[in-house]
Amino acid sequence: MNKSELIETFALQREISHKRAEEVVNMIFNSMSEAMTAGERIEIRGLGSFVVKEYGAYTGRNPKTGEPIEVKPKKLPFFKVGKELKERILDGE
Amino acid sequence: MTKIELAKQLHQELGIKQKEAADHVEALLDLIKETLAKGENVKISGFGIFEVRDKNARRGRNPQTGESITIEPRRVLTFKPSAILKEGINRE
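Line by line, the protein sequences give chains A and B. Take the first sequence: its letters are residues 1 to 93, numbered as in full-length UniProt numbering. Take the second sequence: its letters are residues 1 to 92, numbered as in full-length UniProt numbering.
Watch out, some of these pointers could steer you wrong.
Claimed, not checked - Cut-off 30 Å, straight-line C-alpha distance, at most; resulting in silico cross-link-like pairs (DSSO-like, lysine-lysine): (1) A/LYS86 <-> B/LYS19; (2) A/LYS64 <-> A/LYS3; (3) B/LYS38 <-> A/LYS72; (4) A/LYS80 <-> B/LYS3; (5) B/LYS55 <-> A/LYS74; (6) B/LYS86 <-> A/LYS64; (7) B/LYS19 <-> A/LYS72; (8) B/LYS17 <-> A/LYS74; (9) A/LYS64 <-> B/LYS55; (10) A/LYS53 <-> B/LYS19; (11) B/LYS86 <-> A/LYS86; (12) B/LYS19 <-> A/LYS80; (13) A/LYS3 <-> B/LYS86; (14) A/LYS86 <-> B/LYS80; (15) A/LYS74 <-> B/LYS38; (16) B/LYS55 <-> A/LYS19; (17) B/LYS38 <-> B/LYS3; (18) B/LYS38 <-> A/LYS83; (19) B/LYS3 <-> A/LYS64; (20) B/LYS8 <-> A/LYS3; (21) B/LYS55 <-> A/LYS83; (22) A/LYS19 <-> B/LYS80; (23) A/LYS74 <-> B/LYS19; (24) B/LYS3 <-> A/LYS72; (25) A/LYS3 <-> B/LYS55; (26) A/LYS64 <-> B/LYS19; (27) A/LYS53 <-> B/LYS3; (28) A/LYS86 <-> B/LYS43; (29) A/LYS75 <-> B/LYS19; (30) B/LYS43 <-> A/LYS72.
Said to hold, decoys possible - Chain A is faced by these chain B residues, among others (derived, beta-carbon under 8 Å): (31) LEU10; (32) GLU13; (33) GLY15; (34) LYS17; (35) ALA27; (36) GLY39; (37) LYS43; (38) PHE47; (39) ASN56; (40) ALA57.
In short, the hints are calculated from the structure, not lab data. Ideal placement from N, C-alpha and C gives every residue a C-beta, glycine not left out.
This is chain B alone, in the form it adopts within the complex (with noise of 0.2 Å):
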């Protein structure tokens, strides 16, 4: 699935022209991007969270050479699915 599948069950579903659907689908990820961008989580209720986490330092190792290197700290992206949305994977 992408963004086209996406603005066509707009279409389809909603009667959306198909160039205002495409727009609104654009529109809301770019809303949803900004959003996480500044750094605030987006919530989605019944699918699930986009969280923005700050991990700290820590030292690793670059896996080809053994080498010892400092990881610096660094804002990461990470998706909790919600319970309604993995139950709904998981029904058969």
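Looking at chain A on its own, in the form it has when it is part of the complex (with noise of 0.2 Å):
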């Protein structure tokens, strides 16, 4: 399913127009890509928890010609999904 097909089903479920469907999820969406760009944690209840997680810089190597290369610190969001779901989805339902 992707952003459309959500908002379609999502539009109907909740007997609301289809514009203010898109609306309602982008600003969901979007809110959690900023509250993780602020560097903060998201913990939804029932779904899972996002982290960004801090990595320093580091000297890497090409896999390829075995040269060393320089990786710049970074962060990356990480998704643990919550123990509910988690069953949920080993148990397909």
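With the hints as a guide, dock the two chains, each given alone in a separate frame, to form the complex.
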């Protein structure tokens, strides 16, 4: 399911216009992106949590040539699935 | 950030009544969870992909006892952040 399909189904379920559904869905994901950009942790009961991990700079290697390369410090978002959803996915319900 | 802040955002930015905003958040999350539970991926452009993956059985070890065990095939959920999200997070 992609975002357009999600918006469509959401609009039908909530009995709201397509435009409104689009605004709501976009705002929810934009708010989450902004929180992560600010380095904030997100905890969504029933779904899971997002944390931004910071990595320091290190010297890596080009795996093909063996040449050393400087890897700059970076941040990456990580998602940890909540217990309830994890179990639902395992059981396929 | 929690569901409460998400609902607050909908209320403040879109003028949706608080109760309705909270119901919207809950309903959207339920829809996503139901889709994933059925084994279907959810792809949110600009945010990332929630991917349901089937893992094969493999031999593992109990790290405490060193005992060899079989890890059963199982289904897990992973999240792959989009390039846009990763860029946003790394922008100063």
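If you check each hint against the structure, which ones fail? 2, 3, 7, 8, 10, 15, 16, 19, 23, 24, 26, 29, 33, 34, 39 and 40
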